[in-house]
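Undergrad: As a plain string of letters, each chain reads:
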Amino acid sequence: MNPGEVVAQTTTFTPIEQFLNALINGVALGAVYALLALGFVIIFKATQVVNFAHGALAAVGAFLVASFATVLNIPGRFMPSAPAWLRWSLSAVCALGAAALVGLLVERVFIRPMVGEPLFSVAIITIGADIIIRTINDDFVGQGARSLGDPWGINVVQLGNLRINQTQLVTVGVSIICFLLVAWFFRSRLGVAMRATAFDQEAAQAQGINVGRIFAIAWAIGATLAAVAGIFSSLAPRANGVSNTTAFVVFRAFPAVIIGGLDSVIGAVVAGFLVGIAEIVIATYTSSYANVVGVGFGSVVPYLLMLIFLLFRPYGLFGTQEIRRV
Amino acid sequence: MRGRPLLFTTYQADAAILPTTTKKVLMFLFMALAITLPLQLVPGFRWLGQNEWLVILGQALIFAVGALGLNILTGLAGQVSLGHAFFMGVGGYTAVILGGEQTTSLVGYGLPMWIWLPAAGIVAALVGMLVAPTAVRVRGLYLAFVTIGLVFVGDHIFRNVRNVSGGPSIGREWPPLEFRLWKEEQALISFETDGPWLGIDLSSQAKKYLFLVLLVVIFALAHKNIARTRLGRAFAAVRDRDIAAEVMGVNEVRYKALAFAVSSFFAGVAGALLASYFGSRIPEAWDLLLSVQFIAIILIGGAGTTAGAIMGSFFVVMVPRLVQNLTRWMSDLTDGQGPLSSLANFILSTGPTDFGLVGTSAIGPGLSVFQLNLVLYGLLIVIFLIFEPLGLFGVWLRVRNYWKGWPFTY
Numbered sequence: 269m270n271p272g273e274v275v276a277q278t279t280t281f282t283p284i285e286q287f288l289n290a291l292i293n294g295v296a297l298g299a300v301y302a303l304l305a306l307g308f309v310i311i312f313k314a315t316q317v318v319n320f321a322h323g324a325l326a327a328v329g330a331f332l333v334a335s336f337a338t339v340l341n342i343p344g345r346f347m348p349s350a351p352a353w354l355r356w357s358l359s360a361v362c363a364l365g366a367a368a369l370v371g372l373l374v375e376r377v378f379i380r381p382m383v384g385e386p387l388f389s390v391a392i393i394t395i396g397a398d399i400i401i402r403t404i405n406d407d408f409v410g411q412g413a414r415s416l417g418d419p420w421g422i423n424v425v426q427l428g429n430l431r432i433n434q435t436q437l438v439t440v441g442v443s444i445i446c447f448l449l450v451a452w453f454f455r456s457r458l459g460v461a462m463r464a465t466a467f468d469q470e471a472a473q474a475q476g477i478n479v480g481r482i483f484a485i486a487w488a489i490g491a492t493l494a495a496v497a498g499i500f501s502s503l504a505p506r507a508n509g510v511s512n513t514t515a516f517v518v519f520r521a522f523p524a525v526i527i528g529g530l531d532s533v534i535g536a537v538v539a540g541f542l543v544g545i546a547e548i549v550i551a552t553y554t555s556s557y558a559n560v561v562g563v564g565f566g567s568v569v570p571y572l573l574m575l576i577f578l579l580f581r582p583y584g585l586f587g588t589q590e591i592r593r594v
Numbered sequence: 547m548r549g550r551p552l553l554f555t556t557y558q559a560d561a562a563i564l565p566t567t568t569k570k571v572l573m574f575l576f577m578a579l580a581i582t583l584p585l586q587l588v589p590g591f592r593w594l595g596q597n598e599w600l601v602i603l604g605q606a607l608i609f610a611v612g613a614l615g616l617n618i619l620t621g622l623a624g625q626v627s628l629g630h631a632f633f634m635g636v637g638g639y640t641a642v643i644l645g646g647e648q649t650t651s652l653v654g655y656g657l658p659m660w661i662w663l664p665a666a667g668i669v670a671a672l673v674g675m676l677v678a679p680t681a682v683r684v685r686g687l688y689l690a691f692v693t694i695g696l697v698f699v700g701d702h703i704f705r706n707v708r709n710v711s712g713g714p715s716i717g718r719e720w721p722p723l724e725f726r727l728w729k730e731e732q733a734l735i736s737f738e739t740d741g742p743w744l745g746i747d748l749s750s751q752a753k754k755y756l757f758l759v760l761l762v763v764i765f766a767l768a769h770k771n772i773a774r775t776r777l778g779r780a781f782a783a784v785r786d787r788d789i790a791a792e793v794m795g796v797n798e799v800r801y802k803a804l805a806f807a808v809s810s811f812f813a814g815v816a817g818a819l820l821a822s823y824f825g826s827r828i829p830e831a832w833d834l835l836l837s838v839q840f841i842a843i844i845l846i847g848g849a850g851t852t853a854g855a856i857m858g859s860f861f862v863v864m865v866p867r868l869v870q871n872l873t874r875w876m877s878d879l880t881d882g883q884g885p886l887s888s889l890a891n892f893i894l895s896t897g898p899t900d901f902g903l904v905g906t907s908a909i910g911p912g913l914s915v916f917q918l919n920l921v922l923y924g925l926l927i928v929i930f931l932i933f934e935p936l937g938l939f940g941v942w943l944r945v946r947n948y949w950k951g952w953p954f955t956y
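Taken in sequence, the protein lines are chains A and B.
For our numbering, count along the first sequence from 1 and bump the result up by 268.
For our numbering, count along the second sequence from 1 and bump the result up by 546.
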């Protein structure tokens, strides 16, 4: 069977295979959620800002990749003989750089003027920023879905009865690379400075750390991670490109942030995978009970999980307990 | 001004809603203007009395009811809630179950408005009380996420109860606003037809507008009274330092539950009114954007103040329409000569090849008018929060203090 051939699914799964299939899809979705949650938590830890504009940043990142890879063809036009995946990957890296710039821009324009204002106001400003960025991005994307031009498309890898999309393998692989890069970053000089800022801004400033620059870098990293997540949520089998609804995937990643703990980097990654796996597994096993729980119950699962978790651990799995003094 | 208007000698005078003579006079004039608006008596405001503007004003009044509710929860009691759309949906669907028409696929009992409108509020308030314990368990921005989750869970439920909501993208019809005693053929007081009331000829939009003005007056009075009595003081204590309030004897659980209940009552009534006013609604309409609109309304208007909530809702509802008129005026300008016309030409794009920031045709570059509204709306939120955190009420305070102290500058 050729890799590009689409074969109708006629075989039925054994229970083990059904579970493994759901697990694999769940891990791929969980990788997207983990990337979004990680970017969100990095921004929150470093700048104390709840960033409701994360979805818009993801959509902008996906659109930038679509432009760089197909319309602008940078840097593919300079190396026409290179293999397709290399050209696309380099385009994606350039687009990620542009996405980091967008994150920097958002920080300077929307967040910097609000230094010292209550955190609730800053969170609402990010909602306003989300509306603005998302609408302008929707205008550029247009109606329908804009393909990202990735070389894997709908190709699958066949393992017995299971079909794994190549894009899912790439998703998990790239997200693991991203997590390792972030872990390495936090050990570098700049990363230690960021951890110091997250711990105590005033003390970090007293140590000579340029807190304003740390804010900018945190937003750039957050926007880049959001862009990576946006790319992978726009590829098959989840979608056939970036569209007006790409930004809404982030609303299902917010429960992952809460379950992991708003200020825990490890929690974000762990909870992201947890929520993704739970969503797909529960959706698979309740698909035959649609008249009880409703169609599309899978997309509600993250929120129900969040509500249940918050009853037992209000600060998330790994979040720091808040000590409140009067 | 005669005497010393701010010298209060009794507690009642200090806590009064209209303490000074100036305020009493201004409020009387304002109410007179609001009630006689459809008659187009006052020069300068005649254009507002036209039917198309009365519809917009009616929508603003319904939003004002909802905004007053959210103001109690977020402005007075300090509980950040992005779940207002959910409670509005609950109220709306209660109203349609009790008051709507029974068909083969939809549930409805056809009861009169004096049953379904309060019931919408009461059921929403009960649901609000159920949600309240989570507000005690989680705090601050965690609560914002919980309420976002509530909106999405509600969206899922509304889309799937097809015999109540009509199903996704289909929706159903809502009972019209009118007074019947009990399911008679002819309504006692109907808002649907143009016709005379007490001898004065009014259009149906004018009748609905007057009814909504009455409702907003009732709810604004309720809000003001909540804010200036014991309940409001308890809410303010919970907002500022809930642990200290608990130590002082303000039961946190009880007052947070009360805040959610009262706010959800307002939201339920507003949701039922909104759906009935527009005739029909699809279940996806109770989404996060509606909640964000209300947060924007109270922040733009001024959180915690009655006048702020009402001013904010009028501002947020009327600005898109004014922008639409502005765009239409600009597109008329593009045919002319002169600097204004070239500016209009630059901003507008009339076809697929014409450059512009705002597009008036369906294809071609530029934001559509709907997208322009959204961008402006986001910009309003950002600008008000950066430059005037107290909102329109803050702007009013600045203007008033300037004139109070004139000609002295401080």
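No lab work stands behind these hints: they were computed from the structure.
Misleading hints may appear alongside valid ones.
[Claimed, not checked] In silico SDA-like links for lysine to any residue, alpha-carbon gap of 25 Å or less:
id, chain 1, residue 1, chain 2, residue 2
1, A, Lys313, B, Arg787
2, B, Lys570, B, Ile893
3, A, Lys313, B, Trp942
4, A, Lys313, B, Lys570
5, A, Lys313, B, Leu687
[Said to hold, decoys possible] Which chain B residues face chain A? A few, computed with CB under 8 Å, are given here:
id, residue
6, Leu687
7, Gln839
8, Leu868
9, Asn871
10, Leu913
11, Val915
12, Leu931
The structure presented is a predicted model; accordingly, all values stated were derived computationally and were not measured.
Where is the CB? At the ideal position from N, CA and C, for every residue including glycine.
Undergrad: Next, verify each hint and record whether it holds.
TA: For each hint, the structure was consulted:
1. At roughly 24 Å between alpha-carbon atoms, Lys313(A) and Arg787(B) fall within 25 Å of each other, so this suggested pair holds.
2. The straight-line distance between the Cα atoms of Lys570(B) and Ile893(B) is roughly 46 Å, outside the 25 Å bound, and the hint therefore fails.
3. Proximity of Lys313(A) to Trp942(B) is assessed by CA-CA distance (about 37 Å); at most 25 Å being required, the pair is judged violated.
4. A distance of roughly 51 Å separates the Cα atoms of Lys313(A) and Lys570(B); the hinted pair therefore is violated under the 25 Å criterion.
5. Distance hint between Lys313(A) and Leu687(B) is fulfilled; the C-alpha atoms sit about 14 Å from each other, no more than 25 Å.
6. Annotation: interface hint on Leu687(B) holds; nearest CB of chain A at approximately 5 Å, less than 8 Å.
7. The criterion of a C-beta within 8 Å of any C-beta in chain A is not met by Gln839(B), whose closest approach is roughly 10 Å, and the hint is violated.
8. Nearest Cβ of chain A to the Cβ of Leu868(B): about 19 Å, over the 8 Å cut. The hint is violated.
9. Hint on Asn871(B) is violated. Least Cβ distance to chain A is approximately 20 Å, over the 8 Å limit.
10. Against a cut-off of 8 Å between C-beta atoms, the interface hint on Leu913(B) holds, since the closest Cβ of chain A lies about 5 Å away.
11. Violation of the interface hint for Val915(B) is found here, the shortest Cβ-Cβ separation to chain A being roughly 12 Å, above the 8 Å cut-off.
12. With its C-beta approaching chain A no nearer than about 5 Å, Leu931(B) sits inside the 8 Å limit, and its interface hint holds.
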